[in-house]
Each structure stands twice: as structure tokens, then as C-alpha cells.
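Visitor: Sequence:
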Amino acid sequence: MSQAPLPISALLQRADLWRGDALGRVEEASSTGFDALDAALPGGGWPQGALTELLLPAAGLGGGLGEVSLLMPALRALESDAGWVALVAPPWLPHAAAWQAAGQSLSRLLIVEAGRDDAAWASEQLLASGAVAALLAWLPDSDARALRRLQLAMAERRTLAFVFRGEQQATSASPAPLRIALGASDSGLALRILKRRGPPLAQPLLLEVARPVSWARLAARRPLAVPSLPVARLASVVARTPVRALASALRR
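My numbering puts the first residue of the sequence shown at 289, with every later residue one more than the last.
Worth double-checking, as some hints may not be accurate.
Stated by the list, open to error - Beta-carbon label-pair distances, calculated as ranges:
1) Ser460 - Ala385: 31 to 41 angstroms
2) Arg433 - Gly403: 12 to 22 angstroms
3) Pro487 - Glu316: 17 to 27 angstroms
4) Pro379 - Asp431: 16 to 26 angstroms
5) Pro487 - Ala461: 16 to 26 angstroms
6) Ser368 - Ala432: 30 to 40 angstroms
7) Arg364 - Asp405: 31 to 41 angstroms
8) Gly403 - Leu440: 16 to 26 angstroms
Think of the hints as simulated: they come from the structure by calculation, not from any bench. Ideal placement from N, C-alpha and C gives every residue a C-beta, glycine not left out.
With the sequences and hints as input, model every part of the structure.
Guide: Shown next, in the form of C-alpha cells:
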């Protein structure tokens, strides 16, 4: 004899049932370092093992909006032996003093030189390798198919992965479970959460974030002394390579 169906009130108490007016759940998340942003994100932070897409205004794609400052607290909190912090096709050469002042160890920073046609492929190789703790990739021309490959490459990993694209992509399809449009505000950054596991966020979040517009200019005077890897060498060096072996290969 079949059981009687549960009443709606009982179903709403189930832990495995997501309600549209509540934030969804994520397996693992890392605090953003901003209480207001953590409260607005499923899991209370940046998702691990899933893409976060940050959409920038056209001028912001050249750097200096504060997009990296937004990520610094989470990058700083990474365990020292977790792997590389990889920057793929950054629009500027990061400034050593600025990264050190933000509490970042230059010994774990990796910059991958890649043209627009190769940047998505390079990002996929890095994510699949398991050698990176965090990936920051500037992919203004990549489509949803390329982003889906990145999502698959990091499956079952705890990597933080951030992809920067232009704000004109806001209406385009994307497999990223978290999409945030960034803009300048008087205090630093205005964040519009376009997509999350949960209801839409009606108002933008205003965060006090430094906008280091001078980093790119300072970098011209003092280049960052970290490994720089041409994309042509990436396949042979990073494909499913342990972190220590990768570090050894980069020093050659």
C-alpha cells in the first residue's frame, strides 16, 4: 500500500529541498573577506571547484578597477602548500611591492603569457593539472562552450577560479554558477550579483576596495620577479604535474 503524500509544510522542512527565496548550498566555499558579500553568496564565500565570472566595464578590462583587490583576502587565506596562484593573460604586469603589501607570497605566483586565442586553453590545462590553488584568467572573447570546458576541468577540485569578461557578456549564456558585474563606486566597487544559487539580489553591494590604478604604471619601473611561462611551453610543463615538479620545470 502506497504511503500518503507528505503535506507541503513537511516538504519545506527537508534539508535537500531548495526554496527559491533562499540561498542555495555549495559543497565548499572560501570567505571573500567581506562580510556583506559573504552573506550574499551561497556557502558564505567564493565557491571552490566552480567558476566565478566577474564582468568588467570596457575600461576595466585593462586593469585598475579594483577587481584583483576584491580577491586578495581569499588569495591571502590560501594554505601555503595549496598550489600556485596563476594569472592567465593579465592585461598588466603585476607590481611586486603591491602584491607583497597585500600579503601575497611571490614564490607561489605564476603568470602565463597567452594571446586571446590561447588563454582559455591555457586556463583549462592549469585547472586540470591540480597544481593551482587559484586561477585568475582574463578571457574577454571566450564563449560559454570554453567556460564549460573550464568547469569540467576543475571538477571535484577545491580550486578557486575567477574568469574576467566584459560586461557586454551579461546577457550571454554562461555555465558559471556565480556571475557578478563590477563597477566603480565612491568607496571602491559596486557589485551586481547577476547569477547565484538563490534569488536575485535587488540592490548592488558597495564595498570599500582599493582601486590600484597606478599598479600598471608602477610595474613598468619594477617588474614582478615571478615565473613567467609562455603558453607554448604550458602543455609539456603543467599537464597533470605535481606542484613541486611544476616549480622545478619553471626554473629551467
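Visitor: Each hint should be assessed against the structure and marked as holding or not.
Guide: Here is how each hint holds up against the structure:
1. Between Ser460 and Ala385 the CB atoms are about 37 angstroms apart, so this pair conforms to the stated range of 31 to 41 angstroms.
2. Distance hint for Arg433 and Gly403: a CB-CB separation of about 19 angstroms, consistent with the stated range 12 to 22 angstroms.
3. Distance hint check for Pro487 and Glu316: the Cβ-Cβ separation is about 22 angstroms, which falls inside the suggested range of 17 to 27 angstroms.
4. Separation of Pro379 from Asp431 is about 20 angstroms and conforms to the stated range, judged on CB atoms against 16 to 26 angstroms.
5. At roughly 20 angstroms, the beta carbons of Pro487 and Ala461 sit within the given window of 16 to 26 angstroms.
6. Remark: the range hint 30 to 40 angstroms for Ser368 to Ala432 is upheld by a beta-carbon distance near 35 angstroms.
7. Our hint of 31 to 41 angstroms for Arg364 and Asp405 holds, since their Cβ atoms are close to 32 angstroms apart.
8. For the hinted restraint 16 to 26 angstroms between Gly403 and Leu440, the CB-CB distance of approximately 23 angstroms keeps it satisfied.
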